[in-house]
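Please model the complete structure; the sequences and the hints are all you need to start from.
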Amino acid sequence: FPEMSYLSFFCLGPGAGQDVGRSCILVSIAGKNVMLDCGMHMGYNDDRRFPDFSYITQNGRLTDFLDCVIISHFHLDHCGALPYFSEMVGYDGPIYMTHPTKAICPILLEDYRKITVDKKGETNFFTSQMIKDCMKKVVAVHLHQTVQVDEELEIKAYYAGHVLGAAMFQIKVGCESVVYTGDYNMTPDRHLGAAWIDKCRPDLLITESTYATTIRDSKRCRERDFLKKVHETVERGGKVLIPVFALGRAQELCILLETFWERMNLKAPIYFSTGLTEKANHYYKLFITWTNQKIRKTFVQRNMFEFKHIKAFDRAFADNPGPMVVFATPGMLHAGQSLQIFRKWAGNEKNMVIMPGYCVQGTVGHKILSGQRKLEMEGRQILEVKMQVEYMSFSAHADAKGIMQLIRQAEPRNVLLVHGEAKKMEFLKQKIEQEFHVSCYMPANGETTTIFTNPSIPVDISLGLLKRETAIGLLPDAKKPKLMHGTLMMKDNSFRLVSPEQALKELGLAEHQLRFTCRVHIQDPRKEHETVLRVYNHLKGVLKDYSVQHLPDGSITVESILIQATAHSEDQGTKVLLVSWTYQDEELGSYLTSLLKKGLPQGTA
Amino acid sequence: MTRECSLLLPRVCAALADPRQPSSDDTCLEKLLDWFRGLTKCDPTVNLVQDNPCLTEFIASVLALPEPSPSILSFTLRLAGILAASENCFQHLQQEKLLVRLFGRDGPLNSALWEDASVRSGWVEGVHSMMHHQPALHFLCSGGGIDVIFTLQGDPSLFVASAASQLLVHVLTLSVESETTKPPSAKDCDWPACAQMIIKRIEDSLQSGSASHIEQSLKLLTHLFGSCHATWTEVLWLGIAKQVESFLMEETVQAQPMLANLLLNMAWSPVFCDTEGSFWALVTSALEHLTPVQVGPLAAGVLRLYKCPQDVRIQALTVLLQPMDCILRAASQPLEYAGLLDESVSDPATVESLLSSKSSCASLLCQTLAHLEKLLSLIHLPVDLPYTSLLRSLMTILQFCNGCLSPASPLGSTISRILIDCFRVQRSALDVLAALSERKCCDTLVGSLFDVLLAYLESPNSSPTVLKKTFQATSKWLVHLQELSCSNSQWQQTEKILKDVFLVLQKRLCSPCWEVRDSSLEFLTVLIKCLRDQEEFRQSLLSSEVPRLAENLLEDPESYVRASAVTAVGHLAFITYFAPESPVLGNQYNKENTVAKLQEILSTDPEGFPRRAVISVFNKWLRQGCTGQLEDTEQFVSRVIQTVEHDLDWEVRLGGLKLVEVFCSQTICQLGLSQCPYAPVTSAVTSSVHHNESLQILCRAKVFSFLFRSLCDCDKPVGQRACDILLGLRSGFYPINAPQHSQGTADSPAGHGMAWLQRTLRQGSLAQNFPTDGGNGVDFQDPESMMLALGTIDLEELHDELNKSSDHVEKSPQSLLQDILATVGTVEENEADCY
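These protein sequence lines are chains W and D, in that order. Add 650 to the 1-based position in the first sequence for this note's numbering, that's all there is to it. Add 924 to the 1-based position in the second sequence for this note's numbering, that's all there is to it.
Treat the hints as calculated values from the structure; they're not laboratory data. Backbone N, C-alpha and C define an ideal beta-carbon position, used for all residues, glycine too. Some clues are possibly wrong.
Computed list of lysine-lysine pairs in DSS-like fashion (alpha-carbon distance at most 30 Å, straight line) [claimed, not checked]:
1) D:Lys1626 to W:Lys764
2) W:Lys1129 to W:Lys849
3) W:Lys682 to W:Lys752
4) D:Lys1521 to D:Lys1423
5) D:Lys1282 to W:Lys1141
6) W:Lys1190 to W:Lys1247
7) W:Lys764 to D:Lys1521
8) D:Lys955 to W:Lys1073
9) D:Lys1298 to W:Lys682
Quick list of simulated restraints, FRET-style, between CB atoms [said to hold, decoys possible]:
10) W:Ile1107 to D:Ser1136: 29 to 39 Å
11) D:Gln1131 to W:Ser1230: 47 to 57 Å
12) W:Lys1000 to D:Asn1514: 50 to 60 Å
Structural data, given as structure tokens:
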């Protein structure tokens, strides 16, 4: 059986449901090796933040081993290790991602680099130049475009929702295929549509299962909650700080606030502190086709990303009296402007900070989220946090219902769950196996799963052979399978069924004939030629439809079968019949020998 | 362990062992282990277990749980291992019978939890940490642990399998080195019990005939010989050498790929490389019998060895160069071939068949090229490679790849058909070509080499990556060509090549693909950096359209390209406006225009890269003394710092500070105050007049307001740099004795302002913003105030503080313990959400 091996590695187990692991999966399919995603773990600042690529191959270079790398979307747990992999580990082969991902990925990488190198003694981290060099190697792909990586390997991207530019990828070699979902979302949200894939019936579907058992309350609810909290704070004259990273969640929340401000006719200013906002919004405008229908429709009248109420922030504004909402970077409150504003506002209970994302242990963000209210800043001052602290998740992953829906759409032969908690995945696995009757796997981090496929291999048949074969027997019937005989030729990566003669000709081979022989002993004291005559008459009588001939040299032929008689060297009363036949007359040959073995009937003249 | 931590630890342990609490973030547990590891490492005598009874209680209570979570159990195993690394703690945990329950037969080993890879991994890691003393060794060997580890070598989890293999190496080494009084010798193989057990298992599995067991043992030996270079490894080897040797010929066990790695590690070990005869005979045999793909790494590795018999070296060289030789032969007529290799020592049939097969041709070539590149990157190479033939072979490969060469020979035409448009091979070949430029090659080939390179630069089929690599190779060879033409006066050839290169560069600068425009600009910058002193280079460049096109790209829609254009234009300035013998250029190179354009980018570009590029160009100009006379420079610097001080990108602000640093030292030393590394003019004049003058210059240029504001920057590197510069300035202005900090504050001329400044800085400079105007009395342009500020502010203390807390991610163990405790009682988990 052709074997498709799948190696899941470095998808760190999600501790406490906090899935910030390093997504990095290796798939071997029909001899091709593809790496899916190349994520980093933001919780560490040593070697542990990147996958250990030395496990990929112990022999030889990565560039020679891997046929390509595919990045599903721009989140750092899916692409954060890419510059490290391509510029520091030394992978020099092709990298694929969608156009928006290619445009946005470097912004996030750069953002993360800046806050990382800010830390003292930070080594072994990529530089700005490395991010650029890495992005220059990336080949951007369009949705539904079949990209030929090499002669045998092709990939195709499908819309995944989740974030701008997120894609699921189909990887295909010959007739074997794998679909990797990355992170996806089966329900449309405020600015993105729902994931979609055609009925491609892959041998394996690798799907994320972050919310494997959760049926999440609708995102609408969470959004309403968010707006209510912001509104209340602003109404009572408080300030709202929303620490974000440059791109992604920030844009989504901006649309939310902008629309709300417009509807409610609110006057409190909204500021965006990062200098990257213009570029971010530029990309949302540029890739408008990747957003959902509503945004695309209204685009003609008003561009959702041209904000009326949201202005650029200047650090002097933080001291202004009165209510305001500020989006500031970085998202974990551990450096830069967001921390500076937080320090100014923390002491006032009227104010509020809303954390929309994961915070690494050790950061101020992590501390306040875990409920700490007295923070020691730089080892001496105590900062008392009186402002309200809210955590809000807006992440868009498929829930159990969504995962089942995708399986129904794609009709895979096997399913593999990644990115989830073991217990929850176990439940989903059973559900999938029951409902779809397919095998479902959930390998641990670092484990390899091997799946055997049973591919149907297309074979071309030569016209000559087809004509000859159909000429024999009845007219072809579409409902009945027909057996055909020919020679299977495997040449230049294709399979062809041709007639033996044509095969010999094409391959320049000489024909050898294989004959089967058998000796049959007959008790007959007569002379040899008389015995032969008796055999001849006997056969002629039995095999009426065949051409039986008695040749002048004393032998008999029945079609291609040859019969010769000799006297036994020791016993003249026994005659030995030597029967020989070709492969084509196998049936007749064995019939004849069994016939002769029964002996000759008495009275055959 | 600090008192605070030891007070927090019992509560943390209780929380972790409580199954009702949500499990902690993985990273917290990892960091907790890091902390314990650090504690035992920095004081091996510390008895953590005795000092903190809560640790024993924790382990016991996890073991008592009917169904502990795999992550807590794994953590417990690893923690126990770390603690048991010290013999005292080990004994203590033994007495409590905890180690047996964790690592022995009755532990997780025989429970359903063993199914979980994290538990198995925790077990292996725990045992590994523990193995530092003989009691631990005995514990492991007597409890059947060795068998478990041998089984784990075949674990479905790669991590566990690899950790098990490394653990065996560690245990074996520990056993031999701690349990024997005299080193084992070939005659007297008196291995200690534990080592004997392991060696026996290795020998058995090598003889087992099972492919997986053989592979595991070979991996183990590879680890061992790679990490341990003690003489006893040779004794071990002698016992198994015959068996291992037999694998070379046996195709059924498929151990060949492993053998190359094993032999390579051995060759690097001083134990084996000094031996006469048998080992090297085995290497030679491997070089002969393994396939070219399998043996490539071994051949390349052997070539890097200084201590290696000459015949082995030749053999390795033959193996490595055979594909290159084959390419040359395939491309040439039989008679004209002057090969790379002596045919008598090489059998090309295998390589020829690999190269004429579609599935293996590219991979064999790529592997060979990668090895060659690595060898060429070594400064001292123990062997001489046939550089000229290599160059010819590389050119042939590149011509096969772009379809410029399709030889008549059957082999040649097959290979050329396979290689056409093969990006993988193109990339590798160009890398080697670039590396080869540093070696002595036959100069007559240079002309045709540039034909090949130019064909690549011109071809519409070249992918952006291939183009980038072609640019890299071209720039290296152009430098080489320049050196050549200096020595043999072949100016005409050089001129022609340069002209062609700039023609194609012009085209590439207008490419619709930003990657190509960017690589073209980078190429231009590299060329100017290396060749700006060469007259014919300058001539060719300036007579082409390249400078104008580069300037146009300052307005490119792609920010990366704008940044590269800034850098290129910045370098171009060295041969246009700043060149002492600047050619007559007419109006097209207007210095003011360019400076104004760069200034505009610095103040208005919405993205960081171009602005960073501008500030770094300005720095370069200032360092090289290109910005004109002092007054000019003063205005220039003043303008720049006013632009960058509000920049949102801290790296731009940092760049501004670097500029200020250079300006300050140039100003000070130009006026003769002290030594300056960047001074364009050195002067010996020293006087207080100059002293005041330079202070005035710095004040006028608004340097002080920038520096003091930066002390309060929200990004720390900026504050640190500003503080460093202020310290430097103080030592410039107070060269002998720094003034006492007690020197008047309230009654000083700046009075209130200075006191305020000090208070602000003392109260935590980073917490507050500096005032935006001089409303409360600090006049940053007043030399006297600034002199006083320098003298009175305790910059050393500030410096220490800024360096002490270099980031806001709290790394102290105390904070970690507090964070773990803080999550206790959180009913609702915060859901995952990544950026």
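Violations among the numbered hints, reported as their numbers in ascending order: Those not satisfied: there are none.
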